[in-house]
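4 protein chains.
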Amino acid sequence: MIIVLKPDCSQQKTDEFCRLLKDNYNVKVNTWNGVHSTVLGLIGDTTAIDIDYIDAQDFVESVKRVQEPYKKANRKFHPDNTVIELANGVKIGDGSLQIMAGPCSVESEEQIVGIAKSVKDSGASILRGGAFKPRTSPYSFQGLKAEGLDLLKEARKATGLPIVTEIMKESHIDMFESVDIIQVGARNMQNFELLKELGKTNKPILLKRGLSATIEEWLMSAEYIMAGGNNNVILCERGIRTYENFTRNTLDVSAIPIVKSLSHLPVVVDPSHASGKAWLVEPLAMAAVAAGADGLIIEVHNDPAHALSDGAQSLTPAQFDKVAKKLFKLKDALSREDD
Amino acid sequence: MIIVLKPDCSQQKTDEFCRLLKDNYNVKVNTWNGVHSTVLGLIGDTTAIDIDYIDAQDFVESVKRVQEPYKKANRKFHPDNTVIELANGVKIGDGSLQIMAGPCSVESEEQIVGIAKSVKDSGASILRGGAFKPRTSPYSFQGLKAEGLDLLKEARKATGLPIVTEIMKESHIDMFESVDIIQVGARNMQNFELLKELGKTNKPILLKRGLSATIEEWLMSAEYIMAGGNNNVILCERGIRTYENFTRNTLDVSAIPIVKSLSHLPVVVDPSHASGKAWLVEPLAMAAVAAGADGLIIEVHNDPAHALSDGAQSLTPAQFDKVAKKLFKLKDALSREDD
Amino acid sequence: MIIVLKPDCSQQKTDEFCRLLKDNYNVKVNTWNGVHSTVLGLIGDTTAIDIDYIDAQDFVESVKRVQEPYKKANRKFHPDNTVIELANGVKIGDGSLQIMAGPCSVESEEQIVGIAKSVKDSGASILRGGAFKPRTSPYSFQGLKAEGLDLLKEARKATGLPIVTEIMKESHIDMFESVDIIQVGARNMQNFELLKELGKTNKPILLKRGLSATIEEWLMSAEYIMAGGNNNVILCERGIRTYENFTRNTLDVSAIPIVKSLSHLPVVVDPSHASGKAWLVEPLAMAAVAAGADGLIIEVHNDPAHALSDGAQSLTPAQFDKVAKKLFKLKDALSREDD
Amino acid sequence: MIIVLKPDCSQQKTDEFCRLLKDNYNVKVNTWNGVHSTVLGLIGDTTAIDIDYIDAQDFVESVKRVQEPYKKANRKFHPDNTVIELANGVKIGDGSLQIMAGPCSVESEEQIVGIAKSVKDSGASILRGGAFKPRTSPYSFQGLKAEGLDLLKEARKATGLPIVTEIMKESHIDMFESVDIIQVGARNMQNFELLKELGKTNKPILLKRGLSATIEEWLMSAEYIMAGGNNNVILCERGIRTYENFTRNTLDVSAIPIVKSLSHLPVVVDPSHASGKAWLVEPLAMAAVAAGADGLIIEVHNDPAHALSDGAQSLTPAQFDKVAKKLFKLKDALSREDD
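Residue numbers (the numbering used here), protein chains in the order written: chain S, 1 to 339; chain G, 1 to 339; chain F, 1 to 339; chain E, 1 to 339.
Hint data in this document are derived by calculation from the structure and do not stem from the laboratory. Just so it is clear, CB atoms sit at the ideal spot from N, CA and C, and this is done for glycine as well. Check the hints yourself; a few may be wrong.
Said to hold, decoys possible - Pairwise CB distance ranges, derived in the manner of DEER restraints: (1) E:LYS6 x F:ALA318: 52 to 58 Å; (2) F:THR31 x S:GLU177: 55 to 61 Å; (3) E:ASN88 x G:ALA87: 56 to 62 Å; (4) E:LYS64 x S:LYS22: 38 to 44 Å; (5) F:ASP332 x G:THR31: 47 to 53 Å.
Work out the full structure: start from the sequences and follow the hints.
Structure (structure tokens):
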């Protein structure tokens, strides 16, 4: 950590502050005097230092971290890729391409089993489906809830596909015991109480990036889960909020290589929510795979026009089949290239 | 709601769609044919219509709401200002200026009682203080928790000031029973499960705007609470996330008159979090009052340099006293003007 | 164009306004009465209507365009792709992948000729290089200017590669007569005087997207050039400004399929400026090609560490060679897929 | 400037790099070794160092400026406020409140003279009016151009009010010789060629902040003008682009105190463009004055509904009179407070 002091900070204050830093945080402090300012360099483990505490000093001009504030999620300390293996042997993060597919909301047994069979035939290895739905409006359909979870399990039984579905409060964790991957939605990325509780389980967690979360904040949310002992975190880029309003969100495709550089965790991409438009799913999914994503999560609905939520961004099974074929071919071509 | 169909939508499809809209949503549908597109106008209560459902139709080019999607929070249907009265008779939303002040985190009885007395002397009518703290890092101080709540009550007993403090999960609602105003933090603005539970209480709720929430989404979150039966919502603008990185957030001062125009709910402003810098609190607080805010929530700490969290943006009691005096004088001048 | 009137707009005002619209703009006006508002639908050519004029009426609640405000750049009216052919037969927009490569700034004959030969060998078909450099600081190197243009021509003579370079003011247009593609930088995307003058030439124009331009504004800037008679516009996505600060800009990869859907103009991508980091150029370029870009513009410098500007994002010739090979292989794989 | 090297940077590379920095930039370099990284501290004048050059080194992890990159605009080196005095004795930046008012576009002699008289009566000290208009669409009204300038001079003759109007290209500078304040629009804030030419004049320049310019970039654009020898720069905050779409832009009210802290230049605020809505002009103008703005620039039109551009945000003369009265009363109250 590097601290720049204000030009008018006295020698006495500087000395006091250095002593305080050493005593409180067990770090070494190097000092050098610039033309206008004095600069302090802290050496040691600075993750416990609250950067706001430093910034609070009225004689501090600015502070900069040299070390990232996350440890367990940091590739520097865990150079090997984390690979998450599911019950059916599917591995996420091992260099393969895994596709999670299914409807935004589970609506009926017929619907979810039908879609599950269809997406499995198209190559999807994981079934997605919402049972508890976070909706902007209290007057919108909020999901089938517990019944939806049961239907997902039926679909799993029928197809062998592991299931991923969103949790919305920590008191539901028991209910999600038999879910294969628990999803934390973008709006709950900094619901720290939920993250802490999920950290006590050993379930794979699909952690969506918040609507306006920086990559560092996103990794810090992964760190919350991992700090509790659960290292099975899958990061999911789903578009960020920008001024551009043609799409619902702006897919931050650069987040894929950046996360893979900063962290050892796998990264999947949600092109459906990133764009909000079915016709953009294919090009965004292709871009994500080309940029190195470990997987995709794609909305598929047998009847998007009558979907109870988010129909606009759902592919039909036939469209999905075509897109999945292209994605696997692309992945093949990329893999050959790497040989 | 206005729906623009794509140029190539057939007459048959158009007719079917109009029938479906009438049947499902009990609305009247007007049609007119433009040069390139057909436009449908829906008349009736369209708040229950999922705009995504409409957008999902592959023959729909775009959709636009005419009516706002919130009802209980909407000034159109409740022209009079909502005024929230606290135990000590303090009213928020009645044209007066109320200042909530106190430390980011409660740290000790001495600290919180001392600050409470001091801010009361300076004119604050409500005591703020964090017991449960949402922190970006799992390694940062997370608040004194239940003990912090107890200390806040001690400070209330000592000064008579009602207290406002942040809740982080719905299972804590009972614990917050004796809190005067329950704060929902920016990161939980769309924690819908929490909002629903708070809707079942009759506590005043201070609902902070999410980091990148639109004004409409913010009002929809208020609607979540109100839909449950709790109309005591106070909206709190605390800066939004933009590309500008000199300040932690960008205070959206225009949100004040906009919210007061769209809704009947009171609006307060948090200049401390909006800027993240103590020296900006005064000018931003002045701007907020001049723009019509019903109140302010300001961080005050007896020793900001040693505050356990967010010290950078805290005023000392002496600084706060000076700022509060200026704010009340400004409010006086503005009130005289309105006469 | 659809206009929603305020609930309290009188019948008389409505009638007057409709008459005014018909008279001034030669459009047909349809009216229908909703529960709370009256809605007007305008039929005819509304591109000449200033949407702000409509919004100015104090009895207007909101306005929405149904038709896009651009005509010449609009795919609706020009369904076929625009293909731009350069002197050496290179075609942009015909389904092939064209790579423009070269240094940020031209520095010397040896440098630019050397790089030109090298990137040509690696498969680049166009040479890029800055002679006039827009720099944030007046104290930074501003380019070799006219001398830089001469050196680019030398490099063209030595390699046969057409050249693309940035113009910064309209009085330089004559000087750019022999340039093959004139680049308009992001900061000048709405320098309308420059766009108008470029519209009077018949040069291919590489129009970079502004730092915070919407896709519609970008297309309107293309329309400025085309309105003058020059249809040879190539759009260049180069990252947009968002709150995320890990990268200099955020590549908006979805802009590629969106622009190709809304417009018939070719789209190329600048992964170097989008990321500001050399190690991100490869994954972003791969993503751009997978998403359907017609070309790329990539910074290559023989000695990035000593580059006079923007070295951080430049590849060495050896790195570029490796990246270009991967890009062409990817393009091949994608083309086979389409067969 | 502080440079953090990557963990794997060899001692030899570090030494070479330090030598190169000392030789090329005449700075002293301090080194210290952290646990994971080596950090270099550069002492001396670093404004000439291209931060991208440093960042380009593949062994550099990150770079941070300690000194601001602007010198002439920097309050550190020029502690006293710059006060700009106009022909009629009006001073901007001396602690007074100056209001510039007038129509978005000059339309006729009658219009501009009428408005000029009216706003003068209401207390405005400067007349604004657009002769050359930057418009997003090539099909929109582009201003009366030279004729508009003549009409502004007529209005100045009739009222004695100095005039401010926007320039759009450097070849027009001669034509603007008799204009009192030359405005550079938001879209031209980084039209560096224009800035350089304006730097050679001694005209007061009203420099609007770019749509997505950081405060530092804005000050760097002021530096461009000042580097040429013209110190008469007035900064104008006019709202920045954010994801919020209720208003056209988001007024960054915190920019006022920040700019006044970083720089000695005066700051005025444009509440008309910041909001795009007439009813928001008053609260935003009040906020700006309360936050310390030196002036305001407000659109006034005798007939906003028929204004040829930007009518939506224009006040009528009667509305302006009421707003101006409130603003001056507020300023009075604030001034008394400061005594």
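Hint check:
| no. | hint | result |
| --- | --- | --- |
| 1 | E:LYS6 x F:ALA318: 52 to 58 Å | violated (20 Å) |
| 2 | F:THR31 x S:GLU177: 55 to 61 Å | holds (59 Å) |
| 3 | E:ASN88 x G:ALA87: 56 to 62 Å | holds (58 Å) |
| 4 | E:LYS64 x S:LYS22: 38 to 44 Å | violated (23 Å) |
| 5 | F:ASP332 x G:THR31: 47 to 53 Å | holds (49 Å) |
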